[in-house]
Structures are given as structure tokens and as C-alpha cells.
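In terms of the numbering used here, the sequence shown opens at residue 965 and continues consecutively.
No wet-lab data here; the hints were simulated from the structure. Just so we're clear, the structure is a prediction, and the values are computed from it rather than from any experiment. Each residue gets a CB set at the ideal place from its N, CA and C atoms; glycine is no exception. Just so you know, not all the hints are guaranteed correct.
[Stated by the list, open to error] Each pair of labels, with its calculated beta carbon distance range:
1. S1153 x D1263: 32 to 42 Å
2. Q986 x S1308: 55 to 65 Å
3. D1107 x L1142: 17 to 27 Å
[Claimed, not checked] Distance condition first, Cα-Cα at most 20 Å in a straight line; then the derived PhoX-like pairs of lysine-lysine:
4. K1342 x K1321
5. K973 x K984
6. K1330 x K1342
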Amino acid sequence: MLEQPAFGKRLRQLRQERGKSQVQLTGPGMSATYLSRLESGSRRPTERSVAYLAARLDVPAESFERQPWENLTDAVASVAALSEREVDEEAAGILVEALSSAEDADPAMRWQALAQLARCYEALGDFPRQRATLIHLRELSDDMDRPTLQVRAQLRLARCARNLGDAEAARTAVRQVLAISQAHGVRISTSDLVRSKLVLVSAEAELGDLAEAAQLVDELSESLGDTDGALAAEVFWTAATVSTRQGNHTRAFAFILRALGALGGRDDLVLWIRLRLAAASLSMQAMPPRLAEAESFLDSVEPLLKVTGPLRHWHELLFLKAKLAYHQGNAASATELVARVEESAQSLTYRDQVRLKVLRGALDLKAGDQEASGRLRKLVTQVETTNMPDLAAEIWRTVAEISL
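All chains should be modelled from the sequences, with the hints used to inform the complete structure.
Here it is in C-alpha cells:
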């Protein structure tokens, strides 16, 4: 049974829903004063008073117990208050349990719960479960016939598909976002529109259409002008990535520096960290690698990642430190770091999971494991089946460099 003041609020709700006054509920078993105190929350209900009120209101006595949808509301509120670093499996489990026990809850509340659950899985780096949750979110948005919610669910699904290495699905999802917006006259915010196009740029680049990706990102960069902030930083970061894929490392480094300059540390701490991790990665991909710059970027974020930010970015840091150690000729340190990252490799994006396997193969070859070459060639074949020619070419370059 509900405790006060929740009991009084429920009593008032049930009474008003049935169009009854307090006077109509009084009788031989309930005085007006006692009823008033029950509703105000100043008097604790008894089993006898609950049975009396249930009979007068013609509702089951269970109506005065905690309802599943209330657990769902509380679960959403508690998880939404958590930072990305505080999100853990327990938080996700709370939402899963609340959702399963409140299948008849208000669709809008279920939408919020699913959105929070997807956020949990993203913070944990569990992209397969995030994708499954976002599919449910999209289906619920369709059932509700709310184009705005459809757009938001579809955009998140596109980003998740990109992290899973499914560039084709990411491209399709973004095109659906733009189609829904146009068909229903949904007004997409500037930030959502730009971020949708950034996912499209990433997908086109992964699928090998670098010319299309470059044209799109150049248009976005020009549209920003001298704008600063998180959105500008994301655009310049994407432009740096495309330039790297094109082999224009000087232009890529200039873009990543613009991205870093566009975002103050207090604007978005997680993005501030992600930009420096990206800058370190792009620095090591340069020809020749900019190892001093990469080390500086990693050193700047390591103290922060020990205390804040999603754990998956800590795993990304360890992976990049392993790559740096390898480039610096410190195979022992690289091997130790790779072993640590492999324990949580599932939290990395698909591209970084592949790169981790490539690094492991390179280290194994240097250690004299002749079978490592075969494993790397098999990995190339697997990547080629995902229709990601740029990533496959990157692996072939690594194999060629090792063989020299």
C-alpha cells in the first residue's frame, strides 16, 4: 500500500476521476474530517479505510498500491540524472525491469525510458544492445505517429549503425530522416540537420565515395563561417577525417586544430576529450606520423579520463597509447596495453576493434608468430565483406609495412 503523501494524492486522483466530492465518500465508516486528513497526507491509512474507500469508489483495493508506470517514471528520472561516467549495468537493468513491468504505461513515458536505455548502452559501449533498443524506439515512434520522434529515433539509429560498422544502414537511416522531415514538414533543428549530414558524410567515406563525402563536408564547413561551439567542432573534426582518408594529412591536421579551437573546455567536456582522442589518432595516421603531437594530445586527456567521461573512451585512450608505443618502437609496452584493451574491446567502435586486431597481428608478427600474417589476411577478407574499402586498404597498408 502507498505511504503518505502518495496515498492522499492517489485518493484525490481516483475521487476526481469519478466526479465525486469528499462528502459523497463519507458515511458510517468514514468521517469528513478523517477523509480530509487522508487526502492531505496527514493521516496514515489503515486496511479498513482502504477497503471502505475502494468500495465507495468502485475500484480494486490494489488501486491504492504502487503502480508499474510509477516505477517506470522513477526509473527514468533516476537514470537521466546520471552522468555518462556514472552509467553502469545496474542503471540499464533498472530501466529494463521497469519497462518489462509497465508494458501498458503511457507511450510517451515508454519512449523516454527507451531513449534513456539506449543512452546507457551507448555509454557502456554496448552498441548491439543499443541498436536493438533504438529499433524499439523507432517502432514506438511509428506507432505514436509522431514524425518529430521518428526523426530523433532514426538519427540515433544512424549513429549507432556507424559505430557498429554498418555504413550502408547508417546512410539509409539518415536519408530516411531527411525524407520524413520533408514529407511531414517536420522542422529539424539546425544542429540535428547538420549532425544528420555528418553521419551521412561518415557513411559515404566508409563506403568509399570520398568525393561525395568531401563535397558534403566542404558545404557544411562553408556554411558555418566563423561560428564556434560544439557543432562547429564536430564539422571540422569530420572534415579532418575525410581529408585523412584522401591522404591530405596537412589539410587534415589544419581541420583538427580548427575543431580543437572551436570548443572551449567548459562547453562540452566529453566532446573536448573525444576531439583530443581523435586528434591523436589522426596524428598517428599522418605520413609521416606526428608522434610528438599524438603523445601530447593523449597526455592532455588521460588525467581527465581517470575520473570522468564514459569508460569506453578510457578504453579508446588505452588503445591509442598502445598504437603510440608501437610507433615509438616499444613493443613490450604496446603488447601490455593491447592485452588490457582486449578485455573490453566490445566497447570500441567497429573500426577501432578492427584496428586493435591489426595492431595485435603486427605485434605477433614482430614477436615471430608466422601465423599472424594469415590472421591479418583473413581479417582483410572479413572487412571487405562489410563493404568498407577504406578500412580494408588501411589493413593492407599495415601488412605491407610489416612485410618490408
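Exercise. Which numbered hints does this structure break?
Worked result: none
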